[in-house]
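Enquirer: From just these sequences and the hints, can you work out the full model?
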Amino acid sequence: MSTSYSVSLEGPAPWGFRLQGGKDFCLPLTISRLTDGGKAAKAKMSVGDIILSINGISTDSMNHLEAQNKIKACTDQLSLTLQKPSAAPKDEVPKPENHSSPLSDASKKRLIEDTEDWHPRTGTSQSRSFRMLAQMTGTENGVHQKSLLNKLDPEVIGHRYNKLRDWHHGVSARVLNVQ
1 MSTSYSVSLE GPAPWGFRLQ GGKDFCLPLT ISRLTDGGKA AKAKMSVGDI ILSINGISTD
61 SMNHLEAQNK IKACTDQLSL TLQKPSAAPK DEVPKPENHS SPLSDASKKR LIEDTEDWHP
121 RTGTSQSRSF RMLAQMTGTE NGVHQKSLLN KLDPEVIGHR YNKLRDWHHG VSARVLNVQ
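The opening position of the sequence shown corresponds to residue 1 in the UniProt record's numbering, with each subsequent residue numbered one higher.
Watch out, some of these pointers could steer you wrong.
Pair by pair, the computed Cβ-Cβ distance ranges are [said to hold, decoys possible]:
| # | residue 1 | residue 2 | range |
| --- | --- | --- | --- |
| 1 | L133 | P14 | 45 to 51 angstroms |
| 2 | M132 | K84 | 46 to 52 angstroms |
| 3 | F25 | R174 | 50 to 56 angstroms |
| 4 | S32 | A73 | 18 to 24 angstroms |
| 5 | Q77 | D24 | 47 to 53 angstroms |
| 6 | S32 | A134 | 44 to 50 angstroms |
| 7 | A134 | V175 | 37 to 43 angstroms |
| 8 | S6 | R33 | 54 to 60 angstroms |
No more than 20 angstroms apart at the CA atoms, straight line, and that leaves these computed lysine to aspartate or glutamate pairs for DMTMM-like [said to hold, decoys possible]:
| # | residue 1 | residue 2 |
| --- | --- | --- |
| 9 | K39 | E10 |
| 10 | K39 | D76 |
| 11 | K72 | E10 |
| 12 | K23 | E66 |
| 13 | K72 | D24 |
| 14 | K44 | E10 |
| 15 | K42 | E10 |
| 16 | K42 | D76 |
| 17 | K70 | E10 |
| 18 | K70 | D60 |
| 19 | K84 | D60 |
| 20 | K23 | D60 |
| 21 | K72 | D60 |
| 22 | K70 | D24 |
Hints were generated in silico from the structure; no laboratory data involved. Quick reminder that beta carbons are idealized off the backbone N, C-alpha and C, glycines included.
Expert: Next comes the structure, spelled out in structure tokens:
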């Protein structure tokens, strides 16, 4: 059975503890670290304790950053309501808690469909992501590459390269004042 308790720490910061979790992590806000001899340790707070409220405001819907900002805003006094984690009997393995996921069922389904495409391919078949990339760049079936190679004249390429190279060297020389 878990027990809750209240702590009032006299300011200013540092308070002597570090947080983890929050709504954005789908985990309760908990104490992840205590500073030896710090205000939190002296108040008998423990690593793993769940923070239920900060200055009377419930942490149920707070994301990690919101909780940090609430704590940082306290200058004179920080009041916390905490809960000791429930200890499972020695013979019983603790069951993971069901935290509500911020992903909707449609998002989960789309994620599953997208990850199904990561299986190894046999033969010459391409992954979905590679096919999408080929479609975006216009290189599906190699048609774009072959037609591009046929259009490029080596003489024109050489002339353009030389012109670009000379321009670049000129700019570099002016920037470095060696011309």
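Enquirer: Honestly, which of those hints from before does the structure not fit?
Expert: 5, 8
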